[in-house]
Structures are given as structure tokens and as C-alpha cells.
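Undergrad: Just so you know, the protein sequences line up as chains Y and U, in that order. Anchor point for the first sequence: position 185 equals 184 in numbering that gives the first Met the number 0, and the numbering is continuous, going up by one each time. Anchor point for the second sequence: position 100 equals 99 in numbering that gives the first Met the number 0, and the numbering is continuous, going up by one each time.
If you're looking for bench data, these hints aren't it; they were derived computationally from the structure. Just so you know, not all the hints are guaranteed correct.
Heads up, incomplete: computed chain Y residues facing chain U, CB under 7 Å, no partners named [unchecked claim]:
{"no.": "1", "residue": "Thr9"}
{"no.": "2", "residue": "His55"}
{"no.": "3", "residue": "Leu58"}
{"no.": "4", "residue": "Gly60"}
{"no.": "5", "residue": "Val61"}
{"no.": "6", "residue": "Ser64"}
{"no.": "7", "residue": "Leu66"}
{"no.": "8", "residue": "Arg68"}
{"no.": "9", "residue": "Glu269"}
{"no.": "10", "residue": "Phe270"}
{"no.": "11", "residue": "Gly325"}
{"no.": "12", "residue": "Arg334"}
We put the CB at the ideal spot given by N, CA and C, even for glycine.
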Amino acid sequence: MNAVQGATATARWDRDDIEARITHVLARKMARRNSGAYSARSDAQVTAQLAALFAHEGLSGVRISALARMTGGASKEQFAFTLDHAGAAAAERLVLRMDPWMGIVETCRGREAQLLAAFAGVVPVPPLRFVDADGDYLGQPGLITRMVPGNTSPTDIAASAVSGVGLRFDHWIPKLAPQFVDNLARIHAFDWRSADLTYFDAPAPGTTQAALRQVNWWARVWQQDCEEADPLATLVERWLRENAPVCAQPVLVHGDYRIGNFMFVEPSGEFSAVLDWELAHLGDFHEDLAWSVQRLFGTPRADGELLICGLMPRAEFFTRYVQATGATLDLQTIRYYEVFNAWKCIVINSASACCAARLGQSHQDLVLTWLALCTAVFADQINQLLGDDLR
Amino acid sequence: MNPDLDLRLQSMLKALSDVILPAIPAEQSLARDQTRLVMGHLTVLAAHWKHALNYELDSLSLACGLAEELAGMGLERTLRDELSAAVARARALDRSDYDAVSAAHRTLQQVIARVIAGDDSCAPMSAALKTAVLRYSTIRATRERIWHRGAGLDPDTAKLPPIASLFEIRGQFTD
């Protein structure tokens, strides 16, 4: 673990080193802050907004039908609908994913669209059809993909989960666990330099910038959304700056690779989509590994051992990843990103979720305040990780 | 009080589960999900309301302990005075007023956070600061996990003791 590169005791942290597009979307969020409460969009509103986007895209004879609201996420408004138009060979079933005024995370649909396009054929992703990165036609930023078959949880196992937390896979594990690792390995091996990722800024290899940019991003969110000061969150932010590891070669980090964010078809168990790319960025591959192993995303096996993302024990996950990638894992860097990810989840659940709910700027304030109830799970994780230093 | 709060909460839950949820069409998934979440929140609230003031009092007391420990760490005088004043106000407030207790806790945590943040220089934090905050946070996180156990989100929910245990062992958590 390296100390701050080039830092001296009297120097100050550069808190503004954040990707340009992230800075933009966070500023956009703040500009909406005094806009009052947000209500779930009606079918008529969504239909009119889709019609405006399709007109801009040059489609004629547009028919939008079978519009249905979807649930499952904690952040975006999602609708399934059927699109037919004069130039279409056949009607297609599509999914609209759209920002409310504020969600549990503020992210960029343009970045997400670039990744869906870039990763087509690399890992299973929903095919991208349209994007309105700044909400010029949809009213709010949004993207549209083709509907993908499959589910996020087995249909033969009863589940009651919010945002995927608490799902069980049981006898599906032998089919799903290898794919879970293989797809992550493919994401990290992806040649991002050759892709159209203009909304992304890469951190400098061989420096601590990958880690510090992430700390700056979420420290900015904490500053904007904090509902109640938290001694641990403040302490951890300092610790993360002081202990930022060097990232030798940045990779594409998915950012939310976990239970609930992949779909598979039955009965084969074949992955049909890796979902929710909104937190993706260029950074350290250890960050994704440390995200997947968080306790909240785990499911205890009958013998009490925690299966990460309900799929496999932690050690097996790391072993499989090394076998798939040939990477060398730095356990100290894993630990650093476990602390970072738990802190980021505190920012998301304790600050942004409660702030959005207090302002009434999401279509599902109730989900946000519910998820905020798990903040202490992340705090407990940090206490255990950093407590090792004290023993 | 008749009907008492428990009875009214119980009636709301029954109406939601027996009448309202079954009446929502399956395709209205957002409405169905949110109805279930209302039921979840009401169940957690039913377990909370009797203890809410004591929980906030203990949270405040715990924060006072941390503030006093930090005040002894050679802080810059203005900050130390601000910390001491916040603790003094917290100790003197009306302990039967939930809103006042809650507000004092928030204020105290803000001052504590400023102490922990330091002057934003790259100078490393002291081991004493880290130790004090982690000791506080370990107790706080344990209390919060017990407090919110009814939500069932904690992967170790089954191992957490009931909420009432927080107040049976108050001396272990607070001064």
C-alpha cells in the first residue's frame, strides 16, 4: 500500500480531480435541487416523450403500445414498450431507462450507452437502440435498449428482494458461478482504448489517480447530499486519501457487478445480460472484486458460509478470477477497495437516498428510505477492516 | 390512549395485506412493490416507536463521549471550544424532547466531523484519532444494526439480539 504520491504534510488534497462528465452530472443534479417534488411519470407523459425522441431520430408512422412500468432498480424509472414504425421490419419490444430528478446515484446515460455499444459481443448486454444523454427529448436523460429474455432470480426459488439483495440461487449455482467470473474477466480484459468512450477520462497508469478520483467523486456526493454528519464516513475519507494504492494499468471497472445485476435464461442458466453499467469507470480491477464480495450482496449457505453474490465462497471467487485472467491479486489493495466500496455505499444509502427522499425528487422515495436502513452493515464492515490496524 | 398506536399500526398492516395489495393488478408492479415496502416500514416502525427517544438519547450520549475524547487531543482552541460547547448544550437539554435530542445529536456530529476532517492537508491523521473514532463507530454500528434488524436487510439478522436488549444493556454502550 503506497502513501500519497508526491504529497507532503503541508500540501492539500486536490478534491476537484473528478472526471469531467461526472462533474457535469453532479452539477446538473444540484441545478435541479430546488425544482420541488418529483412524481412518477404517467403512461401518457412517457408516450409523448418517446414520440418526441423518435421524431428527432427521424422515425415516421410511430406506434407505441403495451407500455408497462418495470420495477427492480433503486434509481431509474424503467418502462417496457413496443415500438413499431414505417421503416421497421417488425415491431420490437424495448426498455426505456430514465432518470428521475434525483436517485440513489446520479450517473450518466450517455456513459452507459457508450458501454452498451462497446461491450456488444464481448459480454451479453441489452442491445442499445436509442439514447438521449441530456434529456433533450425525453425531458430527463434516458436510454432505450432491446428487451432481453431472462430473469435476475430463478423462478423456482421464492425470493423477496429489494434491488437484488437477498436473492438465492441454490441448485443454479453450478451453472451461474463460472459465468459470473468469466464475464467479469472479459470486462476487465476489454481493450477500452480502442472503443468510443468519449464520456470517460482515464486515470494515469502507475499512479494513485484511479483511487483518488473515485474518492473525490463520492466525497463530492457526500458533500452535496449529506443529511447527517457521520464521524466514520469522515474518518474513512481521510484514510482513503492517505492510503490510496497505485493502479498499474486501468481497466474498465463495471462498478456494480453483483447479485441482481445479471440476467439468465431458464433452463440453460446461460447469462442473457450484464446489467446496470451506470457506475462503470476506468480504474483498478481490484475495485470490482471488492464490490462483489460485500456482505450485503452475499447469501449464507446452509452450513453458514457466506456465498458472495449468492454464488460461491470468497476464496473460490478469487481463485476462479485469477485462473480466468492470470492477474496477480494484491490483498492489501482488495482490502483498500473493500473499505472504499463500503464507504461509497454509506454515501449512497445514508446521504443520497435520504436526501432524494427528503426532497421528494424520486419516483420511489420509499425504496430509498428502505435501503438506507442497511447503512450500518457497511459501517460494521469498515470497522472490522480498519479495526485490524488497531489489534 | 385508546386505540393505542400499536393497534392502529396493526390495523393499517391488515388493511394493506388483506385489502389493498390484493386489489392492485399484477401489472401495476411499482404500486405492488411500494405497498409491500409500506408494510415493511410500518412493521419496523411498530418495533421502533416505543424506544425512539431512548435510542436517540443513547446515540447522543455516545457522541458526547467521543467528543470529549477528541477534545483532549490537542485541538486548535476554537474548534475545541466549539466541541465543548456542543457537548455542554447536549448535556443540558430537555431529555424528554425527542426533536431537541435529535437536533443536538446532529449538531454534535457535525462538529465532530469537522474535527476529524482536520484542515484538509495531506498530513496523516493521528493513531489516537483513528482509534477513538473506530471504537465509537463499532458501538454505533452494532446499535444501528440491532435497531434496524426488523428490515431483514442485514445478512446476519438472525444473530442480532432484539431491540429491547439495547436498553437492557445501556451501560455497555453509553456513558
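Undergrad: A separate judgement is required for each hint: does it hold in the structure or not?
TA: Going through the hints against the structure:
Using the Cβ-Cβ criterion of 7 Å, the hint placing Y/Thr9 at the interface with chain U is satisfied: the shortest such distance is roughly 6 Å. Because the beta carbon of Y/His55 sits about 28 Å from the nearest beta carbon in chain U, more than 7 Å, this interface hint is broken. Because the beta carbon of Y/Leu58 sits about 26 Å from the nearest beta carbon in chain U, more than 7 Å, this interface hint is broken. Hint status for Y/Gly60 relative to chain U: violated, with the closest Cβ pair at about 27 Å, above 7 Å.
Checking Y/Val61 against chain U: minimum C-beta separation of about 23 Å lies over 7 Å; hint violated. The beta carbon of Y/Ser64 is not positioned within 7 Å of any beta carbon in chain U (closest approach about 14 Å), and the interface hint is therefore violated. Hint status for Y/Leu66: violated, given a least beta-carbon distance of 11 Å to chain U, over 7 Å. For Y/Arg68, the interface hint holds, since its Cβ comes within 7 Å of a Cβ in chain U; the closest pair sits about 5 Å apart.
Below 7 Å, beta-carbon pairs count as interface contacts, and Y/Glu269 has none with chain U, the closest being about 25 Å; its hint is therefore violated. The beta carbon of Y/Phe270 comes no nearer than 23 Å to any beta carbon in chain U, farther than 7 Å, and the hint placing it at the interface is violated. Among the interface hints, the one on Y/Gly325 is violated; its C-beta lies about 32 Å from the nearest C-beta in chain U, farther than the 7 Å criterion. The restraint placing Y/Arg334 at the interface with chain U is violated, with a minimum CB-CB distance near 15 Å, outside the 7 Å limit.
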